[in-house]
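Construct the complete structure from the given sequences, taking the supplied hints into account.
Here the protein sequences come in this chain order: A and B.
FYI, in the working numbering the residues of the first sequence are 1 to 339.
FYI, in the working numbering the residues of the second sequence are 1001 to 1290.
Treat the hints as calculated values from the structure; they're not laboratory data.
Treat the hints with care, since some could be wrong.
[Stated by the list, open to error] Below 35 Å or equal to it, Euclidean Cα-Cα: the simulated DSBU-like pairs (lysine-lysine) are:
| hint | chain 1 | residue 1 | chain 2 | residue 2 |
| --- | --- | --- | --- | --- |
| 1 | A | 196 | B | 1254 |
| 2 | A | 232 | A | 196 |
| 3 | B | 1255 | A | 138 |
| 4 | A | 217 | A | 196 |
| 5 | A | 213 | A | 132 |
| 6 | B | 1163 | A | 86 |
| 7 | A | 336 | B | 1267 |
| 8 | A | 196 | A | 131 |
| 9 | A | 86 | A | 232 |
| 10 | B | 1252 | A | 132 |
| 11 | A | 175 | B | 1200 |
| 12 | B | 1140 | A | 213 |
| 13 | A | 132 | A | 86 |
| 14 | B | 1252 | A | 196 |
| 15 | A | 329 | A | 36 |
| 16 | A | 213 | A | 277 |
| 17 | B | 1053 | A | 86 |
| 18 | A | 217 | B | 1267 |
| 19 | A | 217 | B | 1053 |
| 20 | A | 86 | A | 174 |
| 21 | A | 174 | B | 1053 |
| 22 | A | 138 | B | 1252 |
| 23 | A | 86 | B | 1255 |
| 24 | A | 232 | B | 1254 |
| 25 | B | 1163 | A | 175 |
| 26 | B | 1140 | B | 1252 |
| 27 | A | 135 | B | 1255 |
| 28 | B | 1053 | A | 277 |
| 29 | B | 1254 | A | 132 |
| 30 | A | 196 | A | 213 |
| 31 | A | 277 | A | 332 |
| 32 | A | 131 | B | 1254 |
| 33 | A | 329 | B | 1264 |
| 34 | B | 1267 | A | 131 |
| 35 | B | 1163 | A | 217 |
Every value quoted in this text rests on a predicted model; they were computed, and no experiment measured them.
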Amino acid sequence: MNNIFVYLEIEEGRVADVSQELLTKGRSLAAQVGCKLEAIAAGAQLDSVAEQVFPYGVDRLHIFRDPRLSPYTTLPHTSILVELFKQEHPQICLMGATIIGRDLGPRVSSALGSGLTADCTSLEIGDHEEKKEGKVYKNLLYQIRPAFGGNIVAWIVNPDHRPQMATVREGVMKKEIFDPHYRGEVIEHPVADFVKEEDFALSIIDRHIEKSKVNIKNSPIIVSGGYGVGSKENFELLYQLANVLGAGVGASRAAVDAGFAEHERQIGQTGITVRPKLYIACGISGQIQHIAGMQESSLIISINNDPNAPINAIADYVITGDIETVIPKMIKYYRKNTK
Amino acid sequence: MSFNIIVLAKQVPDTRNVGKDAMKADGTVNRAALPAIFNPEDLNALEQALLIKDQHPGSRITLLTMGPGRAAEILREGLFRGADDGVLLTDRAFAGADTLATSYALSMAVRRIRAYDIILSGRQAIDGDTAQVGPQIAEKLGIPQITYAEAIERAEAGRIRVKRRLENGVETVESPLPVLITVNGSAAPCRPRNAKLLQKYKHAKTVTERQVEHIDYIDIYSSRPYLNLTEWSVADVDADPQQCGLSGSPTKVKKIENVSFQAKESKLLTGSDAEIDELMRELIANHTIG
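Have a look at this one:
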């Protein structure tokens, strides 16, 4: 009872990276508050889920097996979580801030009347005092996220309602095996006790999964552009530099909103989180939402004609100048001095 | 076949154009300094509603928003584009609502509106980016939902077929009606204002606006009933005040931090040839690149 639950996203039998990351986080939060870590798997191909998740320190794995539970649809998965949570009374529930997690999380929170915080960039355990009522709450989940266009960072708590629910984007938390030999308990639930027939009213007619053309998540070098790049044409310069360096091209939200780059390239709280060894920020002012997605880069170079751009504070090198002059110089030197 | 459609919309501060005076000295948001706009993805949702109405004449679109009095501006924007009615849900008791309390209030207002077939809203609002209110309302109404919609392919008696945009692909689903659909920014953009509708609705006002502007005596509001924008309070939608606003919000803001970065000691370069060459030489030498 009152444990930490992680909802597992499973595609073709494989537990998604974001779920593995949340298990890692869940394990450390469980240790801090002194409770167990539990995971929920609902789908069709679940045979290898146990061996995939136990090394992350899962104490109890709840299995819901039914061919109709895969691919994911909203209502049956909602019913499973709502009914399970009514029995188990979790204190915390974590989900990926993915299309599935953002479809399912609010539905479950609405049914249970519990609070949900989207796109957290950090989760911590701590106490909370409601001064008006003179009440002190022990070991609450601090749900920390940039808010309001990235101008502020908000610390959210849910003092009175359970579970405390949060979603986190892929790549924000690190995944780390807890103990390769760790073994928990497997609980197989009869799906019919949780899901009503009418939950299957929505049908999937067609589904195309295309591998994304853009994959910058694991690029060791990223050249990234902001609104200051000025135009889609100027973004070409970034592609040229990236091409020469073997880098990926990223963008800030402002650049994506302005139509300079595709949505899949957006780096930041509501985009991708990256940790390359080199991050070259071109014309990016550096709102906290962007910084949240790249601050763990090993080396950061900022090219900006505004010497006071906020991103310069976290950059190792600040080049004050126009990208139109700086980038060609970088390309020229690199071409001349490498094979 | 015609449909009753409700479009949920929000007036939001334009966080994409945040200026230097956007924050007050005490770290709170200076809403007055930010232009208020029709939440972009809610416009995509309105367009989907208008497309259904184009194909199914006789369909009715009611635009519903919750907010302060000034949010009536987006109701007029909706009427200028082809919505039939505007409803403003406004009450001090709604202040400080998180997504759950917001979804409760809006779900009560939806119940007050006559029978509906389709509820449309944007995927998320740019001031919070949570994407939560739509699904939370669907749950409270006990109806299915389709999130991340990109196009409504077919609406027919009792059923709707919708294309969704996933992280790495597309999915087409079919759902019974009524249903709540949240629409992606990648869907068709909203049509511009229609000049005739602009003429027709430019004086559309809520009762509070008429009182504030001392024009409530003008007889056009009785001779042209379509100029009266509906305004509802907590009591009008029969809502429990305890479940509204701050008191109905399970999430509490513990603290707000202004953003300050752990400043690194940066090397400052002017961008001269010699400095760029030196930087690149260093990066190649320590195998960061190359």
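Hints versus structure:
1. At most 35 Å may separate the alpha-carbon atoms for a hinted pair to count; residue 196(A) and residue 1254(B) exceed this at roughly 39 Å.
2. A distance of roughly 50 Å separates the Cα atoms of residue 232(A) and residue 196(A); the hinted pair therefore is violated under the 35 Å criterion.
3. The hinted pair formed by residue 1255(B) and residue 138(A) meets the criterion: a straight-line CA distance of about 17 Å does not exceed 35 Å.
4. At most 35 Å may separate the alpha-carbon atoms for a hinted pair to count; residue 217(A) and residue 196(A) exceed this at roughly 39 Å.
5. Taking the CA atoms of residue 213(A) and residue 132(A), the gap is about 53 Å. The hint is violated against a cut of 35 Å.
6. Proximity of residue 1163(B) to residue 86(A) is assessed by CA-CA distance (about 33 Å); at most 35 Å being required, the pair is judged to hold.
7. Between residue 336(A) and residue 1267(B), the direct Cα distance comes to roughly 24 Å. Compliance with the 35 Å bound is thereby established for this hinted pair.
8. Distance restraint check for residue 196(A) and residue 131(A): the Cα-Cα separation of roughly 44 Å exceeds the 35 Å cut-off, and the hinted pair is therefore not satisfied.
9. For a cut-off of 35 Å, the pair hint linking residue 86(A) to residue 232(A) is broken: about 51 Å separates their Cα positions.
10. Taking the CA atoms of residue 1252(B) and residue 132(A), the gap is near 13 Å; set against the 35 Å cutoff, the hint holds.
11. With a C-alpha separation of about 59 Å, the suggested pairing of residue 175(A) with residue 1200(B) is violated against the 35 Å cut-off.
12. For a cut-off of 35 Å, the pair hint linking residue 1140(B) to residue 213(A) is broken: about 38 Å separates their Cα positions.
13. In summary, the hint linking residue 132(A) to residue 86(A) is supported, as the alpha carbons are separated by about 30 Å, within the 35 Å threshold.
14. With a C-alpha separation of about 34 Å, the suggested pairing of residue 1252(B) with residue 196(A) holds against the 35 Å cut-off.
15. Restraint check for residue 329(A) and residue 36(A): not satisfied, since their Cα atoms lie roughly 56 Å apart, outside the 35 Å limit.
16. Restraint check for residue 213(A) and residue 277(A): satisfied, since their Cα atoms lie roughly 22 Å apart, inside the 35 Å limit.
17. Of the pairs offered as hints, the one joining residue 1053(B) and residue 86(A) is violated, with about 42 Å between alpha carbons and a cut-off of 35 Å exceeded.
18. Our distance criterion of 35 Å between C-alpha atoms is met by residue 217(A) and residue 1267(B), whose separation comes to about 27 Å.
19. Between residue 217(A) and residue 1053(B), the direct Cα distance comes to roughly 42 Å. Violation of the 35 Å bound is thereby established for this hinted pair.
20. At roughly 30 Å between alpha-carbon atoms, residue 86(A) and residue 174(A) fall within 35 Å of each other, so this suggested pair holds.
21. About 48 Å separates the Cα atoms of residue 174(A) and residue 1053(B), which puts this hinted pair outside 35 Å; it is violated.
22. The suggested pairing of residue 138(A) with residue 1252(B) holds, with an alpha-carbon distance near 15 Å, which does not exceed 35 Å.
23. Using a Cα cut-off of 35 Å, the hinted pair residue 86(A) and residue 1255(B) holds, with the two alpha carbons roughly 30 Å apart.
24. Of the pairs offered as hints, the one joining residue 232(A) and residue 1254(B) is violated, with about 41 Å between alpha carbons and a cut-off of 35 Å exceeded.
25. Annotation: proposed proximity of residue 1163(B) to residue 175(A) holds, straight-line Cα distance about 33 Å (limit 35 Å).
26. A threshold of 35 Å between alpha carbons decides the hint, and for residue 1140(B) with residue 1252(B) the separation of about 21 Å falls inside it, so the pair holds.
27. Using a Cα cut-off of 35 Å, the hinted pair residue 135(A) and residue 1255(B) holds, with the two alpha carbons roughly 17 Å apart.
28. Restraint check for residue 1053(B) and residue 277(A): not satisfied, since their Cα atoms lie roughly 52 Å apart, outside the 35 Å limit.
29. At roughly 13 Å between alpha-carbon atoms, residue 1254(B) and residue 132(A) fall within 35 Å of each other, so this suggested pair holds.
30. For the proposed pair residue 196(A) and residue 213(A), the alpha carbon gap of about 39 Å is over 35 Å, so the pair is violated.
31. For the given pair, residue 277(A) sits about 22 Å from residue 332(A) by alpha-carbon distance, which is consistent with the 35 Å threshold.
32. Simply put, residue 131(A) and residue 1254(B) have alpha-carbon atoms about 11 Å apart, close enough for the 35 Å limit, and the pair holds.
33. Between residue 329(A) and residue 1264(B) the CA atoms are separated by roughly 25 Å; this keeps the pair inside 35 Å, and the hint holds.
34. As the CA atoms of residue 1267(B) and residue 131(A) are separated by approximately 46 Å, the hinted pair breaks the 35 Å bound.
35. Under the criterion of a C-alpha separation no larger than 35 Å, the hint pairing residue 1163(B) with residue 217(A) is consistent with the structure, at around 27 Å.
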